[in-house]
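Participant: Once you've looked at the hints, dock chains B, C and D against the given chain A.
Protein chains: 4
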Amino acid sequence: MDAKMMDAVSADMMSMPGMQSMDMALMQACMDACAACEQSCTVCAVQGMDCAPASMNCADTCNTMMRSMLRMQGMTPASMMAMLDACIAMCETCEDMCLPHAETSEVCKMSAQACRACADACQALKESMAV
Amino acid sequence: MDAKMMDAVSADMMSMPGMQSMDMALMQACMDACAACEQSCTVCAVQGMDCAPASMNCADTCNTMMRSMLRMQGMTPASMMAMLDACIAMCETCEDMCLPHAETSEVCKMSAQACRACADACQALKESMAV
Amino acid sequence: MDAKMMDAVSADMMSMPGMQSMDMALMQACMDACAACEQSCTVCAVQGMDCAPASMNCADTCNTMMRSMLRMQGMTPASMMAMLDACIAMCETCEDMCLPHAETSEVCKMSAQACRACADACQALKESMAV
Amino acid sequence: MDAKMMDAVSADMMSMPGMQSMDMALMQACMDACAACEQSCTVCAVQGMDCAPASMNCADTCNTMMRSMLRMQGMTPASMMAMLDACIAMCETCEDMCLPHAETSEVCKMSAQACRACADACQALKESMAV
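Protein chains in written order, with my numbering: chain A, 1 to 131; chain B, 1001 to 1131; chain C, 2001 to 2131; chain D, 3001 to 3131.
If you're looking for bench data, these hints aren't it; they were derived computationally from the structure.
Careful: at least some of the hints might be erroneous.
Cβ-Cβ distance ranges computed for the label pairs, FRET-style [claimed, not checked]:
(1) A:D2 with B:S1128: 43 to 51 Å
(2) D:D3023 with C:A2029: 34 to 42 Å
(3) A:D120 with B:E1103: 41 to 49 Å
(4) C:D2032 with D:D3096: 38 to 46 Å
(5) C:A2025 with A:Q20: 46 to 54 Å
(6) C:A2029 with D:P3017: 30 to 38 Å
(7) D:Q3123 with B:D1032: 37 to 45 Å
(8) B:E1127 with D:S3021: 49 to 57 Å
(9) D:K3004 with A:P77: 34 to 42 Å
Derived list of chain D stretches under chain C, where covered just means 3 residues or more per stretch with a C-beta under 8 Å from a C-beta of chain C [stated by the list, open to error]:
(10) 3046-3054
(11) 3060-3068
(12) 3088-3095
(13) 3116-3122
Note that beta-carbon positions come from the ideal geometry of N, C-alpha and C, so glycine has one too.
Next comes chain A alone, as it looks inside the complex:
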């Protein structure tokens, strides 16, 4: 995400109860991981393989997660935590569905990696909030 736009997002968060301590670098990394995972899973979903339904679910979930971080004025710490948990769970489900094809499909391999990276970025952000 553009650095100036990130500054605008960051400035807004300073006034939100329970959000001031949010690590903006981790949040930006999480948004980027969500955006990358949405794209990978969208491509993976058109291969006609059995991971396609999980890939579509994961793409939609990652897009909603990214948008929610761009609209933190409409989040609470509780809803943020629950969304991060859902995104982690959905990424892990999709990773599990793609991994068995990683040997034969380069797209599934990249998609599984994007899911893992996204789940990890969500987990890191979640841990920073819990402190």
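Facilitator: Leaving out everything else, chains B, C and D in the frame of chain A:
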């Protein structure tokens, strides 16, 4: 949702591990509540009130929740539970943001009701899965 | 869509340049057709058939079309016309991809019908605007 | 978008009627512009300004446009052209709504620029297809 299409969704679920006991009537009610909540929150979000960011987050979350139920081949019991929790949390955040305007805005009042109904429908589905 | 919510949408449109003559019954029918088509195409897309990519494109387009009608404050007659044209084109592409499977897949048959109905509803709304 | 993932998208397109001549560099630039515009408009939409409805419409349209390019198997030249026209029209509507605030809101200024860049990228891709 169309009854014949629901039959197709239902037939698919019979072969999924941990999903056979899913109550299809509760799932259909949950999808309908998600669809209604997405529409209400989308209208609410263009009023220029301070509940708008929560309404946009809730609309996207409800759409993703609804689609995930239409693509249960890509869900596991664990990811389904986490998604339902996130949808409940997001609906409750949005309801809390809309309720203070319920006296002055008919749209916020309807939106808060749609959020409550959606959270309840998700909760009912979640409890049926946990049994 | 809920009748009271539709009244709120309708009231907003009275003040928009070039939108006062919009036929609200046709617009409501179009939103309902978009919502139904999004659901059908989402189910169709998880069958693993070659119409899946078109079905995903159509589901996303119909959702965006429906939301745009719920947010007419952010549309002009020109952007509305272009969106309706795109939705018609996408529905027709998806219908063409699903029809060859209509004999063997009940879901594709329903999906093709939902696409046809949505394209027709968009066309009717477009013609009412052009008057 | 990741270069390896782009190769996979590109390879798929070689077998599609009417798509072989698609300029992949222009398509990648268009996808990146759509992704950037979706993010900018999403941030713009939570400012509570009168461009918010157009920004939400534009964000959804850009996301659908980007996903459609990731799923070209589900597009025809005709539906691709219509989608590009709709995306151009929606970006221009949003740019027009944001520009009046460009002096006072840095976010609106960035959003208007992202809309312009996205409309231009769609136009360039459209012209390459028409040749």
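Participant: Is 41 to 49 Å right for how far apart the beta carbons of D120 (chain A) and E1103 (chain B) are?
Facilitator: Holds - the Cβ-Cβ distance for D120 (chain A) and E1103 (chain B), about 45 Å, lies within 41 to 49 Å.
Participant: Lying within 43 to 51 Å: is that true of the beta-carbon distance D2 (chain A) to S1128 (chain B)?
Facilitator: 44 Å, holds
Participant: Do the beta carbons of D3023 (chain D) and A2029 (chain C) sit within 34 to 42 Å of each other?
Facilitator: 39 Å, holds
Participant: Under a C-beta cut-off of less than 8 Å, do 3 or more residues of the region 3060-3068 of chain D approach chain C closely enough to confirm the stated coverage?
Facilitator: As far as the region 3060-3068 of chain D goes, the hint holds, because 6 residues have Cβ atoms under 8 Å from chain C.
Participant: Using the Cβ atoms, figure out if Q3123 (chain D) sits within 37 to 45 Å of D1032 (chain B).
Facilitator: 41 Å, holds
Participant: Holds or violated: the 49 to 57 Å window for the beta-carbon distance between E1127 (chain B) and S3021 (chain D)?
Facilitator: Between E1127 (chain B) and S3021 (chain D), where Cβ atoms are some 56 Å apart, the hint holds.
Participant: Just to make sure I understand the rule, a stretch counts as covered if three or more of its residues have a C-beta closer than 8 Å to a C-beta of the chain. Does the region 3046-3054 of chain D meet that for chain C?
Facilitator: Held - the region 3046-3054 of chain D has 5 residues with a Cβ nearer than 8 Å to chain C, which meets the minimum of three.
Participant: When I compare C-beta atoms, does the region 3088-3095 of chain D have three or more residues closer than 8 Å to chain C?
Facilitator: holds (count 6)
Participant: Taking the CB of A2029 (chain C) and the CB of P3017 (chain D), does the distance hold inside 30 to 38 Å?
Facilitator: Given about 34 Å between the Cβ atoms, the range holds.
Participant: Between K3004 (chain D) and P77 (chain A), does the beta-carbon spacing fit 34 to 42 Å?
Facilitator: At 37 Å between Cβs, range holds.
Participant: Quick check: do three or more residues in the region 3116-3122 of chain D have a beta carbon closer than 8 Å to a beta carbon of chain C?
Facilitator: violated (count 0)
Participant: Please check whether A2025 (chain C) and Q20 (chain A) have a Cβ separation lying inside 46 to 54 Å.
Facilitator: 49 Å, holds
Of the numbered hints listed earlier, those contradicted by the structure are 4 and 13.
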